[in-house]
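Protein chains in written order, with numbering that gives the first Met the number 0: chain A, 0 to 461; chain B, 0 to 461.
Errors might be hidden in some of the hints.
DSBU-like, lysine-lysine: derived pairs with alpha carbons at most 35 Å apart [what the hints assert, rightly or not]:
# : chain 1 : residue 1 : chain 2 : residue 2
1 : A       : Lys-397   : B       : Lys-452
2 : B       : Lys-429   : A       : Lys-126
3 : B       : Lys-245   : A       : Lys-246
Keep in mind the hints are simulated off the structure, nothing from the lab.
Number of protein chains: 2
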Amino acid sequence: MQTKVYLTDEEMPRQWYNIAADLPSPLQPPLGPDGNPITPDMLAPVFPMNIIEQEVSTQRWIDIPEEVLAILSKWRPTPLHRALALEKALGTPARIYYKNESVSPPGSHKPNTAVAQAWYNKQFGIKRITTETGAGQWGSALAFACSLLGLECKVFMVRISFDQKPFRKLMMQTWGATCVASPSTETQAGRQILAKHPNTPGSLGIAISEAIEAAVTDPTGATRYSLGSVLNHVLLHQTIIGLESKKQLEKLGEKKVDVVIGCAGGGSNFAGLAFPFVNDKIHGADIAVIPVEPTSCPTMTRGPFVYDHGDTAKMTPLLPMHSLGHDFIPPPIHAGGLRYHGMAPLVSQAIIEGLLTPRAIDQIECYEAAVLFARTEGIIPAPETSHAIAAAIQEAKKAREEGREKVILFGLSGHGLMDLSGYDNFFQGKLTNYPLPESEMGSAIRELNGLPKPKVVRSGKW
Amino acid sequence: MQTKVYLTDEEMPRQWYNIAADLPSPLQPPLGPDGNPITPDMLAPVFPMNIIEQEVSTQRWIDIPEEVLAILSKWRPTPLHRALALEKALGTPARIYYKNESVSPPGSHKPNTAVAQAWYNKQFGIKRITTETGAGQWGSALAFACSLLGLECKVFMVRISFDQKPFRKLMMQTWGATCVASPSTETQAGRQILAKHPNTPGSLGIAISEAIEAAVTDPTGATRYSLGSVLNHVLLHQTIIGLESKKQLEKLGEKKVDVVIGCAGGGSNFAGLAFPFVNDKIHGADIAVIPVEPTSCPTMTRGPFVYDHGDTAKMTPLLPMHSLGHDFIPPPIHAGGLRYHGMAPLVSQAIIEGLLTPRAIDQIECYEAAVLFARTEGIIPAPETSHAIAAAIQEAKKAREEGREKVILFGLSGHGLMDLSGYDNFFQGKLTNYPLPESEMGSAIRELNGLPKPKVVRSGKW
């Protein structure tokens with residue numbers, strides 16, 4: 000039986016899908032410090048104008064530039080697999096499929112947008128891109144993209160990860176990027192923090208502040224900043240994942256998908272796979288669409304829909320999103336990419352609309368799922384990805400109980416070869432679930448009280 | 000321009016190619032301790048009989064079992080890429096192609112034979128496979144294969160690598176294998192060494208002894224041993240690489256290949272890619288076929304063709320091969336998979352026949368090539384693989400000097416994501432080439448003087 004579908008290069012999607020054209024209620028705008036909507040001009044020192052135009056576009060289909068396609072085709076179209084061995088191990092009547100983004104050279108879905116962003120920056124005349132990275136997935140993907148496009152790349156890596164994950168830093172170096180520990184002495188923001196807290200482990204919030212400062216203060220004006228998730232254009236670039244998956248399921252003769260599952264930190268991996276199916280749902284299809292998060296960072300399942308900053312240091316505009324509060328510090332789970340206080344506005348609005356049914360899963364259940372997957376399907380998944388696998392297994396067991404032949408699709412967003420210490424802790428019984436009492440979430444959310452409130456707009460259709 | 004070719008699952012080769020059917024001079028047999036040829040029965044406690052039959056077979060085409068194909072198809076056919084960006088960086092008129100074996104879940108070509116060997120063992124009623132591993136590529140590939148086929152797997156990992164490369168051990172554990180440091184207290188051989196040298200860093204020779212002992216002393220009789228290179232059946236299983244490559248080059252309209260290049264440690268990666276092209280050469284095609292080794296372990300370029308043991312402890316039969324002597328301890332280069340004193344008998348005989356033109360390259364030149372490759376083609380190669388890349392670059396530069404449109408194919412045997420510390424040393428200028436004076440090779444080769452001598456049989460055609 001065929002368990003894998005490739006597409007030819009010719010079958011690769013030529014356009015990205017922009018869900019902003021189809022959301023029943025339009026997205027509310029980002030707000031500036033004065034509570035008024037941000038204008039494109041205000042973002043111009045941070046992002047190149049061609050990306051800002053994409054960020055605010057409501058055009059449904061947006062052409063993928065030929066040169067971007069050529070680079071993506073180094074590893075795309077990615078394979079779609081049937082998880083026959085996993086199905087057998089679960090004794091489920093469900094057919095489980097997974098879209099394998101782990102085959103990209105940096106090992107995850109992140110290069111899909113890194114290549115596009117680097118290309119648009121280059122088109123706009125930009126020579127150098129700055130960014131931040133936590134665990135290192137995003138930083139290495141952007142280093143990879145800049146290397147192939149001949150741009151300089153500067154990555155501010157959270158100090159504790161910089162020290163604990165030297166291999167990620169080496170990936171970036173091998174691709175020619177400069178990676179420094181944050182806080183660094185290279186920015187005002189970094190120096191201020193270091194003066195007060197010389198031994199700080201750093202944070203994503205601080206690293207974002209440094210990367211933005213390094214971009215906007217370049218006297219040549221040829222530097223811009225890049226973000227790896229959350230924003231509309233990032234989610235747009237990832238929709239190639241779901242568009243390919245749809246073609247591949249058709250090739251396998253699957254006419255209907257019942258459940259689509261992706262893990263969600265900032266939201267771009269989930270949205271990339273799911274939004275083309277959410278489009279079907281908007282137009283009447285009966286599909287359960289499930290973004291999965293850790294119970295220890297329950298942005299979608301327990302965080303309110305608010306206007307909040309994207310970073311701890313309040314450098315970014317206010318975004319309408321589910322948030323645990325910009326001061327919330329998630330527990331040290333191994334899925335570093337899911338340790339984010341907020342959620343992409345497009346994903347948040349789709350939740351408010353009732354189009355998505357978010358789910359939170361405990362860390363230990365996710366590792367159990369990851370190990371079962373590795374031993375049946377052969378791929379060792381990233382800790383983030385294990386959340387999608389755990390939800391797929393929950394759904395497959397439900398199908399077994401109901402005796403239903405469901406079709407389940409999940410996103411294999413990345414491999415775990417750079418994150419094996421989490422498996423070590425799991426095998427040694429050292430993992431915990433970090434249950435999160437209401438008291439620990441409360442204070443960060445209360446910080447939001449003085450900020451503007453987004454409208455909770457529901458069309459009432461779902 | 001198309002830079003990548005996939006094949007469909009249906010286009011995957013259905014048979015392996017056995018060069019033993021076509022070598023102008025037949026392979027000389029392995030010899031036992033008494034100097035007489037080994038019989039299949041003598042190997043029966045070590046390997047299952049179906050694998051022993053393959054080892055001695057001279058049948059040209061051997062069917063790949065359906066279940067093996069089904070598992071290989073999780074990541075095969077692997078893509079063939081045109082290295083357009085590398086060509087551009089070199090300014091060469093040559094067209095450079097590479098066959099990408101790094102996309103397998105363990106990240107190298109090793110699973111091609113691991114899956115086949117595990118399957119034949121299972122067919123023969125074996126429940127448990129033992130093996131040794133140095134740097135960990137082979138151990139993790141066998142752990143992966145055993146996991147998918149439901150066999151137990153026990154890996155003896157050289158102590159120094161066990162301590163220095165905890166991630167490789169974790170990969171094996173995640174796939175359910177047991178990995179112990181060698182020498183261990185679990186075998187007679189291990190205990191003897193530990194009694195004499197309690198702080199030994201271990202060696203591949205000791206680990207082989209332990210793995211064989213653990214197989215042959217299992218009182219249930221349901222354990223066998225598995226080797227990841229050197230032997231005829233291992234090379235056979237790898238020929239799927241070259242057979243796919245030929246189909247892919249045809250699809251791209253390339254009618255003639257001028258140069259085929261692979262790195263060679265034990266010889267299976269090189270042979271897997273090259274032997275189907277060597278077949279063409281035997282039948283008249285004009286192709287340069289280049290196995291590449293480190294200058295610091297110059298088995299093919301400076302080692303004599305002799306009868307020698309495959310391991311330091313002299314547990315294995317005597318094999319007719321190029322060897323630096325079983326006592327030779329290669330310098331600590333990062334390409335651990337190329338640190339082997341011998342070379343596969345099939346590769347050795349093809350060298351003697353003049354079918355291959357071996358080449359040795361310095362470590363630093365290999366890392367320079369690896370970094371250029373990573374920054375142009377986007378994939379960070381394994382240190383072993385960098386030897387093939389360096390030779391391909393040498394050939395591409397030669398084509399530029401000659402102004403010739405050569406077609407160059409090399410094997411990208413694996414990615415380097417688990418071996419980034421070598422890149423770190425390279426960037427810090429800490430690498431050396433370990434030039435090897437005659438005096439350092441001599442003593443190990445002199446050890447061979449008392450052993451039988453193979454005939455140097457050359458048909459004189461090349």
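Check each numbered hint against the structure and report the violated ones by number, ascending. 1
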